[in-house]
Amino acid sequence: MQLFSSSIGRKIVMAITGQCMVLFAIIHLLGNSTAFGWLTGGLNAYAHHLHSLPLPLLWGFRLGLLALACIHIWFGIQLTIENRACRTQQYAVKNMQKASFASETMIWTGALLLLFIIYHLLHFTFQVINPETGALINPDALGHPNVLAMVVAAFQNVGIALLYVGAMVVLFLHLSHGIQSSFQSMGWSNDRTQPCLIKGSTLGALFMFLGYAAVPLIILVRILK
Amino acid sequence: MSDHKTMTLTLIVWRQKNANDPGKFETYTAKGITEHHSFLEMLDVVNEDLILAGKDPIVFDHDCREGICGMCSQVVNGMAHGGQDRTTVCQLHMRKFKDGDTIYIEPWRARAFPIIRDLIVDRAALDTIVQAGAYVSCHTGGVPDGNAILIPKPVADESMDAAECIGCGACVAGCPNGAAMLFTGSKVSQFAVLPQGKPEAAARVKALEKAMTDCGFGNCTNHYECQAACPKGINVKFIARMNREFLKAQFS
Ligand code: HEM
Ligand code: FES
Numbered sequence: 001m002q003l004f005s006s007s008i009g010r011k012i013v014m015a016i017t018g019q020c021m022v023l024f025a026i027i028h029l030l031g032n033s034t035a036f037g038w039l040t041g042g043l044n045a046y047a048h049h050l051h052s053l054p055l056p057l058l059w060g061f062r063l064g065l066l067a068l069a070c071i072h073i074w075f076g077i078q079l080t081i082e083n084r085a086c087r088t089q090q091y092a093v094k095n096m097q098k099a100s101f102a103s104e105t106m107i108w109t110g111a112l113l114l115l116f117i118i119y120h121l122l123h124f125t126f127q128v129i130n131p132e133t134g135a136l137i138n139p140d141a142l143g144h145p146n147v148l149a150m151v152v153a154a155f156q157n158v159g160i161a162l163l164y165v166g167a168m169v170v171l172f173l174h175l176s177h178g179i180q181s182s183f184q185s186m187g188w189s190n191d192r193t194q195p196c197l198i199k200g201s202t203l204g205a206l207f208m209f210l211g212y213a214a215v216p217l218i219i220l221v222r223i224l225k
Numbered sequence: 001m002s003d004h005k006t007m008t009l010t011l012i013v014w015r016q017k018n019a020n021d022p023g024k025f026e027t028y029t030a031k032g033i034t035e036h037h038s039f040l041e042m043l044d045v046v047n048e049d050l051i052l053a054g055k056d057p058i059v060f061d062h063d064c065r066e067g068i069c070g071m072c073s074q075v076v077n078g079m080a081h082g083g084q085d086r087t088t089v090c091q092l093h094m095r096k097f098k099d100g101d102t103i104y105i106e107p108w109r110a111r112a113f114p115i116i117r118d119l120i121v122d123r124a125a126l127d128t129i130v131q132a133g134a135y136v137s138c139h140t141g142g143v144p145d146g147n148a149i150l151i152p153k154p155v156a157d158e159s160m161d162a163a164e165c166i167g168c169g170a171c172v173a174g175c176p177n178g179a180a181m182l183f184t185g186s187k188v189s190q191f192a193v194l195p196q197g198k199p200e201a202a203a204r205v206k207a208l209e210k211a212m213t214d215c216g217f218g219n220c221t222n223h224y225e226c227q228a229a230c231p232k233g234i235n236v237k238f239i240a241r242m243n244r245e246f247l248k249a250q251f252s
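Each protein sequence line maps, in turn, to chains A and B. Residue numbers for the first sequence follow UniProt numbering, so the first one is 1 and each next one is one higher. Residue numbers for the second sequence follow UniProt numbering, so the first one is 1 and each next one is one higher.
Incorrect hints may have been included.
Computed, partial: chain A to chain B, Cβ under 8 Å [what the hints assert, rightly or not]:
1. Ser-7
2. Lys-11
3. Ala-85
4. Tyr-91
5. Ala-92
6. Met-96
7. Ala-99
8. Ser-103
9. Asn-157
10. Lys-225
For the record, the hints were derived by calculation from the structure and aren't laboratory data. Backbone N, C-alpha and C fix where the C-beta goes; we use that ideal spot for every residue, glycine too.
Put together the whole structure using the sequences plus the hints.
In structure tokens:
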């Protein structure tokens, strides 16, 4: 299949897997925003709804995401290694006209995201980091896992809160280039739409950063307790 | 010309005897340069001095010196063709520089463009891409009527915008991945938009993409450096079109 062997094909696969992960990140952000109180019962009610989904659906979703991430990372590394080999000797004067810090560091922001995702899953999903505050072993008044208490306990710690905010800066960088790059790779772009896509990509990434960073920050300054 | 003020410049130039020589930078002084000299004429002046001193002149590619043939190929201060918008290095003039400037001059650097000597690289890989299918097959027979196929002006313009490529390879030189996506994208697009090009569009994009990779060019990461480097201002929308054509071709 040319999609998995050719140059453009693998970029298209990168773009599709990246976009699916962006869609997931938007849904995840929507879920997190229950912490701001728009859903009765807040974060705990949302977590309860999520865990009441039929198990095959939940695990199908999780494994699907895992597959997306693996494909994205595999081709990301493969393409980056190939690209470095195509320009072994650099110019004595480096003088980039359009490339940005974000576009030049995609492999590194991607790698940092991977590390963060592993930490984040161990922390809040499998709850093996700080297990004493784990939501599964500390039910709330309704007998549901107390996710809010777990998250609050974590983010009252300056180090953990800043780690999450820092990871979201990395996400911002990856997506500010990545979103518009994926439109270009899919061929969904021309000279009239491209300036909007580039601005939209930065704005979208900024929106994700603000949304995700808000939760640890409002807990850190004790607005949410 | 004696009424003109002259400039003295320091040139740091890549010298390399052949593809196997590791190559190194040499420093030269360019004296008596006026603002009216083109960049290549400035090098001509330096080369005359070198020849008189019994040294090897700096070897560089050039032909038309009027920005249409695509032969000239130098990276000046890290920018292919010197960074002036829509200008080949032969049309870059010394009025862009100041007396006392230090200028780095390097060849196109990409795996697919081996260095032949000094600033000359072998760009045959671009021809290989064209030979893979950047044309329309014609069959012999009666001469078709000139206006048998009507092409709306905006479509013809779109094709011409892509066909403006002079094949200099600055897009590859500017790309941190040594990719030839802008070149290949413009070849794919100039035919794909026209009725004459459509029958072979799917086969063409597949063949050109394969030739591009086989020649050792890199993969696109959408830095858009190619568009900045292109002396003809070819837009990266043609890369998007090639990607679109490629995706479509998978289902045809
Ligand atoms: C987990 C580790 C990750 C690694 C190692 C990684 C690596 C990469 C690399 C190397 C690229 C190509 C850069 C380029 O072409 O300029 C890329 C593109 C992209 N990434 Fe990631 N990434 C990761 C995670 C993510 C996540 C979590 C998301 C979404 C939330 C994401 C979204 C994207 C998007 C949308 C693109 C653009 C695709 C394209 O260029 O066509 N990535 N990534
Ligand atoms: S020498 Fe012909 S384009 Fe520069």
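Cross-check of the supplied hints:
no.	hint	in the structure
1	Ser-7	holds (5 Å)
2	Lys-11	holds (6 Å)
3	Ala-85	holds (7 Å)
4	Tyr-91	holds (5 Å)
5	Ala-92	holds (5 Å)
6	Met-96	holds (6 Å)
7	Ala-99	holds (4 Å)
8	Ser-103	holds (5 Å)
9	Asn-157	violated (37 Å)
10	Lys-225	violated (44 Å)
The structure is inconsistent with the numbered hints 9, 10, although it conforms to all the rest.
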